[in-house]
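Trainee: So the chains spell out like this:
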Amino acid sequence: MHNSNKFKIPMGPQHPALKEPESFSIALRGEKIMGVDIRLGYNHRGIEKACEERTFVQDVYLIERVCGICSHSHSTAFVQAVEEVAGLVVPPRAQYIRTLIGELERVHSHLLWLGVAGHEIGFDTLLMYTWRDREIVMDLLALISGNRVNYGMNMIGGVRRDVTEEQAQDILKGVATLEERTKYYIEVATQETTIIKRLSGVGVLKKDDALRLGAVGPTARASGVDHDVRRSDPYAAYAELDFNVITDTNSDVYGRTVVRVKELLESYKMIRQCLKNLPGGPLTVKAPRKIPAGEAISRYEAPRGEDVHYVKSNGGEKPERVKVRAPTLANIQAVKHMLKDRYLADMPIVVAAIDPCFSCTDRLVSVKGNAGKNKKILTWEALRNYSVEWHQVHGIDFTELSHKFRTKMERF
Amino acid sequence: MGLALFTILIFPGFLFVSVFGLMAEFIDRRIYARLQNRVGPPWFQTFADFIKLLGKEDIVPCAANVNMFDFAPLFALTSAVTVFLYIPLWKAPGTFSFNGDIVMMLYLLTIPTLAFFIGGWYSRSLYARLGSVRCVTQLFAYEVPLFMSILSSALLANTWELKEVAAFYLKHPLYSLFNLVGFFVSLIALLGKLEKVPFDIPEAETEIVAGTFTEYSGRRLAILKLTIDVEMVVGAALLVAVFFPFALYFHSVLGFLVAVLEILGVIALLALLRTIVARLRIDQMIDFCWKVLVPFSFFQLLLNLILKGKLIL
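These protein sequences, in sequence, are chains A and B. Each residue of the first sequence is one higher than the one before, starting from 16 at the first, in the working numbering. Each residue of the second sequence is one higher than the one before, starting from 23 at the first, in the working numbering.
Just chain B, same shape as in the assembly:
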């Protein structure tokens, strides 16, 4: 009981993921800044922002549905943190797992997006509503290639349990090379989930101000920002666990360090991707996801099906 609480609340649960998320945001912003020939923020900037937001006045629009407006950020944060508990990154005794958890994780990762939608929709601001609609429209575009490419990796491992998937690729490290297409597809789809350029359409500042988050302020905004940071870490960790789970080789501290480095590597790739492109329009984004990403993930699925047939024979 005590151990479970420790796992959920402190390590590798809520506290660790939050701190890691804020650090990851700093690294993301720093890389983004350096690539743009800027200095970028100091390491404590994200923490300072978070603390400052916590202390700010928290305004609820009088037209908003208070319950929905209140609970959406909490739902988002909780579900994002929960996913991290199920991701096997290093040889830790505390992580949970069961058969089918990979599907559950993908669903839990959808909840923050839906919570953003609900929060934005019930804040009754025009900008927030437009942002919410874009948020959900976008969800239907990137979710399919993301699911297909992550699940096709699990398909090759012949299990729906992430721990087993990781163990499979640990045993046959070269097989993970077959999944490179899937990795890049899910990396790009992850940009959509994190609402970063070129898929930052739901919060396109020059069009709809802050989109979904327009009416949020103070504590609730802090939680929403934290959710996105946590989502970034969790998404990157999921990609690492599914495609390159090599930190599992190592024990305790070394394994932990390698896992963190791998996650930061994925975050650096995300930062690089968002530096070199412009924001797409929502119709172009959907076109791109269905006409480019989906065919690639189909290709990955087919490849893995064929490989699986060969390997079993």
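Isolated chain A (complex conformation):
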């Protein structure tokens, strides 16, 4: 730092701007960002492998915990894939209830995002206000499902709980309040000078770049990509609902904010339609324990973008393979591009603007050896040896114990 004015500043794995551990190593010249190294993999939970070890019914429970915010998105995407493999036709009432919960979840997620965005640019008042109003939708979700985040509504072949007439009235009341508040936030976000100063022109992602880098969801729609799975490949009850896909041509963080707050209004519209046209009939169809062999891909428009699940069954109780592609994985590539030639101060909001969810994204962890110059990815055996050596150096030695154990085992 003494000799050159270029230096590297670590952001993460632990940093106040980040809600989850991930590492950004930023090369700075003064306040200007010269390059960013993104490293994920701090949250790897082995959830796909865990799914293969459990039955389909247990997997619904597990998959719901991929993400804390878009839990319904993941579980719906998963059950849709399983239903497709099993050839189940889900009753219309269940489809509508899934849609209803999905839209309430979108409201909760977007309000959360607005607050986080406010916090990242130092506007804590917006955070406090939006999170206060978010409580309304959280309460509504708790009213329907009994839970605030992991709703546990989906099951293979339908939904677990019904929405009663009284609940519908409460939802309509809550949505009316939220709509009023959202209009106020639209006013704040589009008129407050300091917000506009911090958001517009920041993290620009042109339409071709958005397409080239495979951005999804509000991030892509803010760059003018007119794509929404709810319209282009309708699932649940979306084919029967009347809604607009919000796009914006600003292509920056400001555009992403506008898209999200306007999507809130669309969600309110859809919630009202769902409740109004809620068909009667059963909530579930009976699903077999053993899912016939086959594979399916399911797409779902999560609040953060397109969520893709792949399920392969070999005809048993357990899936052969489950693959989850969370929307953040598609968007993270664009972050590096967005940060080009920006200032350090823009970094938190640009990262936050894709509404990242890193623990949902982490599917793989690779450990690089630090011995010698060529850093290679360690194999399982090498990693184990490294661990044994490390512990020996630090005075913990299990070789004798494991030798004893082995000889005892051989005696049996």
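Honestly, I wouldn't trust all of these hints.
[Stated by the list, open to error] A short, non-exhaustive set of chain A residues, derived as facing chain B with CB atoms under 7 Å:
#1 Pro31
#2 Ile136
#3 Gly137
#4 Met143
#5 Thr209
#6 Lys212
[Claimed, not checked] Derived pair list, reagent style DSBU-like, types lysine-lysine, alpha-carbon separation capped at 35 Å:
#7 B:Lys247 - A:Lys23
#8 B:Lys247 - A:Lys47
#9 A:Lys338 - A:Lys34
#10 A:Lys355 - B:Lys313
#11 A:Lys34 - B:Lys74
#12 B:Lys313 - A:Lys21
#13 B:Lys247 - A:Lys21
#14 A:Lys383 - A:Lys47
#15 B:Lys313 - A:Lys47
#16 A:Lys351 - B:Lys313
#17 A:Lys23 - B:Lys78
[To be verified] Residues from chain B shown here face chain A by an in silico Cβ test under 10 Å; the list is partial:
#18 Leu57
#19 Gln58
#20 Leu148
#21 Tyr149
#22 Arg156
#23 Val219
#24 Pro220
#25 Ile223
#26 Glu227
#27 Thr228
#28 Val231
#29 Ala232
#30 Val299
FYI, nobody ran anything at the bench for these hints, they're computed from the structure. No experiment lies behind these values; they were computed from the predicted model shown. For glycine and all other residues, C-beta sits at the position ideal for the given N, C-alpha and C.
Put chain B on the given structure of chain A with help from the hints.
Mentor: Frame of chain A; chain B shown alone:
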């Protein structure tokens, strides 16, 4: 001698200013919280925080320059407290003054910022260094409009002694209305000095953790926090003394109460300002200070020059 020591150490010196500073922080946080629809801390929260920090482990990074790291907080606190001794708020016998003290006060108020810079720079943490650089960059932006608007008020009073300035506006209370532009300019510039939103760039938590104070902990951090509280009180008191010194009308207790209320009023305004805006970027902050605040303070300067010509004629 005894009286001087009492003045410096107890009232209205170190002890009083510290307690007032902590109370002011509570009021600031409470108003901020209420405006954000939160409950906010109880009245003893700031005192409890202070005492807790005093008892915490005090870590000095091994790469840091120990002397600089040690003395920066003390320098900052001392200079901020010293300023308060020179501010005439009510009719008290103990306050010091001399011709030119208003300039000295402004310079003493710069020292805490420089001390933050030195402390942060010598703690050798990357975040602290970035924070320090931002701290000084910011200093060059808000200091000019702050000085110009405060000094233009003194210009109208035709003296560099704060006591005389206050006496002038006490004699002609309506003249203080001419300084309203200057008051608002210095109020906004004061936000920069106190490193509060929208000018909390040197300690922007989401960018550079705690900025200048990243490596500070325990006792030293307590002193730094106290310095900022004292700075807030001193800055608000300076603004009151320069622009609306009406507490000087009243004697002893009543004067004291009115002065405290006026200071709290300024602090409430600061809290309101920081509630309704987002943090600016450092380049935007400098742009704003030089392109908006400086022209306004120039306008104030010109206005006062013209007025002065008219008044003397």
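Trainee: Now look at each hint and say whether the structure bears it out.
Mentor: Status of the hints after comparison with the structure:
1. Pro31: Holds - the Cβ of Pro31 (chain A) comes within 7 Å of chain B, reaching about 5 Å at its closest.
2. Ile136: For Ile136 (chain A), the interface hint holds, since the closest Cβ of chain B sits about 5 Å away, which is under 7 Å.
3. Gly137: 3 Å, holds
4. Met143: Holds - the Cβ of Met143 (chain A) comes within 7 Å of chain B, reaching about 4 Å at its closest.
5. Thr209: The hint holds - Thr209 (chain A) has a Cβ within 7 Å of chain B, the shortest such distance being about 4 Å.
6. Lys212: 6 Å, holds
7. B:Lys247 - A:Lys23: 29 Å, holds
8. B:Lys247 - A:Lys47: 30 Å, holds
9. A:Lys338 - A:Lys34: Roughly 24 Å separates the two Cα atoms, so the pair holds.
10. A:Lys355 - B:Lys313: Between Lys355 (chain A) and Lys313 (chain B) the Cα gap is close to 27 Å, so the pair holds against 35 Å.
11. A:Lys34 - B:Lys74: Answer holds: Lys34 (chain A) to Lys74 (chain B) is near 27 Å, not above 35 Å.
12. B:Lys313 - A:Lys21: 29 Å, holds
13. B:Lys247 - A:Lys21: Answer holds: Lys247 (chain B) to Lys21 (chain A) is near 31 Å, not above 35 Å.
14. A:Lys383 - A:Lys47: 29 Å, holds
15. B:Lys313 - A:Lys47: 22 Å, holds
16. A:Lys351 - B:Lys313: 33 Å, holds
17. A:Lys23 - B:Lys78: Satisfied, since the Cα-Cα distance of roughly 31 Å is no more than 35 Å.
18. Leu57: 7 Å, holds
19. Gln58: 4 Å, holds
20. Leu148: 5 Å, holds
21. Tyr149: 7 Å, holds
22. Arg156: Since chain A brings a Cβ to about 8 Å from Arg156 (chain B), closer than 10 Å, the hint holds.
23. Val219: Check passed: Cβ of Val219 (chain B) comes within 5 Å of chain A, closer than 10 Å.
24. Pro220: 6 Å, holds
25. Ile223: 7 Å, holds
26. Glu227: Constraint on Glu227 (chain B) satisfied, holds at 5 Å.
27. Thr228: At about 4 Å, which falls below the 10 Å cut-off, the nearest Cβ of chain A leaves the hint on Thr228 (chain B) intact, so it holds.
28. Val231: Result: holds, 6 Å to nearest chain A Cβ.
29. Ala232: 8 Å, holds
30. Val299: 4 Å, holds
Violated hints for the displayed structure: none, as all numbered hints are satisfied.
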